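Position one of the sequence shown corresponds to residue 1 (UniProt numbering), numbered consecutively onward.
For the record, the hints were derived by calculation from the structure and aren't laboratory data. It cannot be assumed that every hint is accurate.
[As the list claims (entries may be wrong)] Here are the simulated distance ranges between beta carbons: (1) 36 <-> 80: 24 to 30 Å; (2) 38 <-> 125: 45 to 51 Å; (3) 257 <-> 125: 28 to 34 Å; (4) 310 <-> 104: 55 to 61 Å; (5) 311 <-> 105: 52 to 58 Å; (6) 38 <-> 122: 42 to 48 Å; (7) 179 <-> 311: 35 to 41 Å.
[What the hints assert, rightly or not] Below are the DSSO-like pairs computed for lysine-lysine, each with C-alpha atoms no more than 30 Å apart in a straight line: (8) 95 <-> 62; (9) 155 <-> 293; (10) 94 <-> 359; (11) 178 <-> 360; (12) 293 <-> 303; (13) 124 <-> 149; (14) 159 <-> 293; (15) 178 <-> 159; (16) 307 <-> 245; (17) 155 <-> 307; (18) 178 <-> 245.
Keep in mind that this is a model prediction, so the values were computed, not measured. Quick reminder that beta carbons are idealized off the backbone N, C-alpha and C, glycines included.
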Amino acid sequence: MDFFKSFKTKRDSNADNYKRGTVDTDKSSATNIEFNYESICPYVDHGPFLTDGFHESTFELKDFLKKWNKHYSKGLKDDEELIISQISGINGMKKLLSSLPHITDAAVPKKSKWSKLSNVEPAKDITINELYWCTDIVLFRYLRSYDYKVESAFKMLLKTLTWRRMRTPSDITPDTVKPSLVNGMLYRKGYDFRGSPLIYFRPYNETPVDPEIHILGIYYTIERATQTIRLSEGNDKVYAIIDLKDWSLSRIPSMELLIETVRALSDHYSDVLDEVIIVDSPMFINTVLQMVKCVLHQSTSNKILLKQRGDSLNQYLRQRIPLPFLEETLGGNCHLRFNADIYWDVEQSQFKEYQDRRKKWIDSNRASFFEGKETL
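Please construct the entire structure, taking both the sequences and the accompanying hints into account.
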């Protein structure tokens with residue numbers, strides 16, 4: 001059997017110009033489709049547990065797309081036609097993936113300086129480990145980021161595979177980044193109403209470690225967050241709150257490092273972020289943002305909102321985030337402070353669970369992967 005048949009079946013133009021539907025840019029209210037967040041409210045002193053990933057889930061791709069479109073798209077076509085076109089694009093990406101040589105281990109590209117990490121060459125082959133990551137959901141993200149142009153989306157996906165070989169984000173261990181994040185600089189907590197995992201980022205809680213460890217902490221946290229997305233709710237995005245209270249210019253990293261990191265998030269975590277709220281930004285941040293936005297896709301840039309603490313911000317966030325997951329300093333009911341001991345114990349167990357899941361899937365599919373045909 002062809003392995004890829006058994007495998008479960010812009011630059012971004014402005015979001016409202018998608019050929020197969022327009023993204024809903026109304027961020028002022030929560031979606032009408034809500035999940036049962038009350039069942040996970042007791043677990044707010046650590047990040048959400050892993051949800052069923054694409055390979056472990058039982059839902060149909062068509063059902064996921066139908067829910068996703070209700071969340072994010074104002075379809076220019078009828079719903080059924082929109083879904084058919086989306087599935088067609090995903091299948092086109094899978095066909096191109098199937099044409100790549102299947103290899104056991106990829107040669108690790110020579111690590112470049114930060115300023116050159118974004119200019120990587122597209123991968124020319126694929127490993128079964130990489131195929132585990134290249135789910136239909138990931139392919140769908142790249143498609144919509146590149147205006148549903150299969151060739152453009154696939155080219156960027158291949159560059160991402162090269163980047164992931166260099167940075168190995170899915171294999172960054174909790175022990176590697178804990179020194180950077182132990183004081184609560186960056187952590188996951190709960191979900192918004194759409195089922196997007198929440199990431200809280202407070203740079204003033206940083207620890208004095210190598211700046212690259214801070215960057216690895218960002219990649220690590222986003223990887224964990226994407227593994228806790230509630231796909232069954234038709235969602236594949238992450239919601240981020242960046243609190244810059246008491247943050248000063250003296251703490252800003254080098255612009256080279258900052259821009260390279262932002263570019264990596266924009267290119268290699270394509271359309272993962274639903275929205276980024278920057279709270280209490282100091283005056284100098286506007287200059288920094290203008291430089292950062294130069295390397296962002298327009299659609300990503302449009303997701304960044306600057307807001308100050310107060311009733312307006314509290315009301316805005318309450319419409320997007322259940323109160324048990326919204327911290328008190330931002331108008332919510334969550335009063336628990338970051339507890340490193342509890343948080344990192346759970347991180348260790350969840351990291352191991354992900355590694356075990358991936359190994360189980362790879363062991364089950366290894367033989368068929370190397371016997372796979374070249375075409376779908």
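Evaluation of the provided hints:
no.	hint	result
1	36 <-> 80: 24 to 30 Å	28 Å, holds
2	38 <-> 125: 45 to 51 Å	46 Å, holds
3	257 <-> 125: 28 to 34 Å	30 Å, holds
4	310 <-> 104: 55 to 61 Å	56 Å, holds
5	311 <-> 105: 52 to 58 Å	56 Å, holds
6	38 <-> 122: 42 to 48 Å	45 Å, holds
7	179 <-> 311: 35 to 41 Å	38 Å, holds
8	95 <-> 62	18 Å, holds
9	155 <-> 293	22 Å, holds
10	94 <-> 359	22 Å, holds
11	178 <-> 360	27 Å, holds
12	293 <-> 303	11 Å, holds
13	124 <-> 149	20 Å, holds
14	159 <-> 293	21 Å, holds
15	178 <-> 159	28 Å, holds
16	307 <-> 245	12 Å, holds
17	155 <-> 307	36 Å, violated
18	178 <-> 245	22 Å, holds
Checked against the numbered hints given earlier, the structure breaks only hint 17 and satisfies all the rest.
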